[in-house]
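Visitor: Sequence order for the protein chains is A and B. Here the first sequence stands for residues 1 to 244, where the numbers follow the numbering used here. Here the second sequence stands for residues 245 to 679, where the numbers follow the numbering used here.
Don't read these hints as lab results, they were simulated from the structure. A portion of the hints provided could be inaccurate.
25 Å max Cα-Cα, derived DSS-like pairs, lysine-lysine [to be verified]:
1. B:LYS665 <-> A:LYS131
2. A:LYS61 <-> B:LYS665
3. B:LYS402 <-> A:LYS129
4. B:LYS483 <-> B:LYS665
5. A:LYS218 <-> A:LYS27
6. B:LYS373 <-> A:LYS129
7. A:LYS129 <-> B:LYS254
8. A:LYS14 <-> B:LYS483
9. B:LYS402 <-> A:LYS208
10. B:LYS402 <-> B:LYS373
11. B:LYS483 <-> B:LYS254
12. B:LYS373 <-> A:LYS131
13. B:LYS258 <-> B:LYS402
14. A:LYS131 <-> B:LYS402
15. B:LYS402 <-> A:LYS135
16. B:LYS665 <-> A:LYS14
17. B:LYS258 <-> A:LYS135
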Amino acid sequence: MDAVDVRDLVKVFKRVVAVDHLSFNVKQGEVFGLIGPNGAGKTTTLRVLATLIRPSSGSVKVYGLDVVREAPAIRRIISYLPEEAGAYNNLTGLEFLRFMASLSGVEDVEGAVARAAELSGLGTRLRDKIKTYSKGMKRRLLVARALMSRPRLAILDEPTSGLDVVSAASVREVIRSYVESERAAVVVSSHNMLEVEYLCDRVVVMDKGRKLVEGSPKELKERFRASNLEEVFVAAVRGHGSHG
Amino acid sequence: MAKELLEVVKKELKEIARDPRLLLGVLLVPLIILPVMGLAMRGAMETFTAERRGYVAVLCLDRGGWGSRVLEDARFREGLAELGVELIELRGVTLSEALSMLESNTTLSALLVVPENFTESIVNMDRAKVEVYVSLKSIGLAGMSKGATIGSVVDLLKHRLSELLVADLGGSRPSFFVDPLEPIVSTIYRGRTLRGVRPEAFAGLASSQAFTISFVMLALLVLASQLVATSIASEREQKTLEALLTLPVSRATIIAGKLVGAMIVSVIGAAGFMLGLSFYMSSFIPPEAASEAARAVSAVLSIPVEGYVLLASSVLLSLVASLSIVVLLASLAEDVRSAQTLLSLVFIPLFLAALVAAFTAADLRSPLTWPLLIVPFTNPVVSAMLVINGTYLPVALSMVALLVETAAFIYLAASFYSSEKVLVVRLKLRPRREA
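Hey, can you work out the whole structure from these sequences and the hints?
Guide: Shown next, in the form of structure tokens:
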């Protein structure tokens with residue numbers, strides 16, 4: 001069974017078509033990337049997967065569960081990290097992790113907190129209030145929070161957004177090793193093509209809500225005769241005629 | 245469900261307790277500012293009371309006998325003793341010397357000068373003049389108290405002079421001629437006769453109790469509403485809402501956790517407010533000055549245990565119903581500031597109505613009473629007034645309406661949170677900035 005099965009997904013906000021007949025699937029143990037320019041519909045697609053918003057039409061399933069009819073069951077096996085996610089500034093890092101773990105449906109809350117503490121690499125700073133953290137520390141805390149409950153599907157929207165090079169590399173390693181150790185699926189969106197190439201087994205390039213191309217980074221580079229994914233991205237989007 | 249609810253409540257309490265802006269409202273104003281104001285007021289009242297007791301200098305220049313007759317009169321002296329005033333007679337000094345003494349001597353409250361023609365005026369049946377000089381070392385309560393002291397002395401002097409004049413005319417009971425009436429006014433309230441209590445005094449005390457209760461109720465509602473609105477809107481502002489909504493916990497539990505957390509802090513805040521306010525109010529009347537009448541009034545106006553139980557249940561229900569509405573309103577706001585603005589736009593007219601209700605709507609014949617009872621924001625004030633009046637049935641009936649409203653609003657709030665509207669709808673309200 002696929003971890004994610006999206007078929008003909010359409011999402012319309014009033015008159016704006018955010019996602020337009022999108023289809024893709026993600027296998028267990030796979031890191032799948034959604035890439036595209038701003039307004040391409042990546043975040044909307046991730047929000048549908050995370051059961052936050054409902055499809056206007058089409059079918060979206062997570063491990064065979066329907067995002068509309070079986071949303072509570074899906075929430076038990078997924079974890080979602082929004083692009084601009086924040087944390088409760090007046091709690092300490094540990095308190096925040098404990099709070100989120102206690103609502104995540106995990107049996108061993110303290111075990112999950114210990115795992116997140118290790119993943120975050122924040123050490124004793126976890127005892128400080130979150131409002132004293134830098135942007136990078138906060139993001140590492142949030143990525144650790146997203147993975148601590150061992151979700152079968154992690155949905156990560158721009159996981160390294162705003163991070164410096166070293167912190168971003170550390171977050172990427174955390175995600176990659178998580179997939180390898182847990183055999184979980186990850187759907188990630190990113191503007192960083194280097195990151196996508198390093199992390200993703202397969203990607204979909206989107207623009208204006210529609211799928212432009214799909215394949216592994218290697219396949220796409222060969223198909224577009226490009227030396228890196230950034231060239232693939234530019235060629236695919238320009239070929240679509242919107243960024244001419 | 246219960247464990248998760250507890251976790252949300254614990255997190256809410258931690259967040260609130262560590263937010264200096266919220267703590268300022270909950271603790272600083274009621275527990276520090278009001279008592280400090282009360283202490284200042286008590287100090288001033290003590291000064292006022294102390295200043296009223298003192299010495300009044302008398303310079304009698306009268307060439308006839310009436311001046312010394314009235315000043316040395318035994319009943320006049322008794323009256324002065326009751327006022328706590330002692331006369332110091334100045335002899336062999338001029339008016340300017342007496343005035344210098346008044347200015348240099350801090351223990352003297354005033355100088356009373358009986359002029360040379362005092363007796364002559366009385367004999368001629370002209371109104372006799374006396375001159376009064378008060379030396380003020382500072383402005384404020386001291387001036388008021390000195391003025392009051394000398395005013396009482398002059399009243400006493402006038403009264404006794406009048407009695408002596410009537411006695412000379414041949415009356416055996418001069419006080420009867422001077423003041424033939426002794427009115428005893430009583431107030432009847434809810435079948436109880438408060439003998440010697442004037443209706444204006446009773447109404448004054450009842451109004452001040454109504455004001456106190458309304459003030460506390462409104463403070464409780466405002467505080468709780470602000471806490472809930474801030475908590476809900478800050479989930480958006482801090483960008484924590486989306487992740488929270490993808491956790492396997494029901495939306496109703498999240499909302500209930502926020503409501504309970506805010507209610508706990510609000511009840512603590514309201515208790516603090518009540519303590520501070522009662523201390524402040526008691527500063528005006530020193531305990532030893534509480535009259536028999538005041539004690540009788542407070543006995544009549546006090547609320548029995550069953551009244552308190554009814555009122556507490558009603559307040560709790562109104563609080564939950566009001567906060568459910570606040571959840572809905574705050575969920576529409578883009579950020580904390582917009583939520584607060586939206587809240588104030590809705591609350592200001594409602595709170596004005598509640599204040600009006602405190603003084604008018606306790607009368608069941610008023611057309612305002614029932615509408616105000618079924619509105620959650622105004623219910624506590626009207627209910628408090630009705631309970632003080634001993635009218636319990638309308639309060640109990642309004643609780644049924646509140647129960648239905650609470651269920652409806654929580655359902656609406658949970659439905660709103662369960663839909664994608666909670667992420668999509670954005671209301672941005674900010675004061676226009678000058679360019």
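Visitor: Each hint should be assessed against the structure and marked as holding or not.
Guide: Now the hints, each set against the structure:
1. B:LYS665 <-> A:LYS131: violated (29 Å)
2. A:LYS61 <-> B:LYS665: holds (22 Å)
3. B:LYS402 <-> A:LYS129: Measuring from Cα to Cα gives roughly 75 Å; hence the hint is violated.
4. B:LYS483 <-> B:LYS665: Roughly 16 Å separates the two Cα atoms, so the pair holds.
5. A:LYS218 <-> A:LYS27: It holds: about 18 Å lies between the C-alpha atoms, which stays within 25 Å.
6. B:LYS373 <-> A:LYS129: violated (78 Å)
7. A:LYS129 <-> B:LYS254: Holds. LYS129 (chain A) to LYS254 (chain B) sits at ~16 Å (cutoff 25 Å).
8. A:LYS14 <-> B:LYS483: Given that 25 Å is the threshold and the Cα spacing comes to 24 Å, the pair holds.
9. B:LYS402 <-> A:LYS208: Violated, at about 98 Å.
10. B:LYS402 <-> B:LYS373: holds (11 Å)
11. B:LYS483 <-> B:LYS254: Given pair LYS483 (chain B), LYS254 (chain B) holds - Cα atoms ~20 Å apart, limit 25 Å.
12. B:LYS373 <-> A:LYS131: violated (77 Å)
13. B:LYS258 <-> B:LYS402: violated (68 Å)
14. A:LYS131 <-> B:LYS402: violated (74 Å)
15. B:LYS402 <-> A:LYS135: violated (83 Å)
16. B:LYS665 <-> A:LYS14: Roughly 12 Å separates the two Cα atoms, so the pair holds.
17. B:LYS258 <-> A:LYS135: Given that 25 Å is the threshold and the Cα spacing comes to 22 Å, the pair holds.
The structure shown violates the earlier hints numbered 1, 3, 6, 9, 12, 13, 14, 15.
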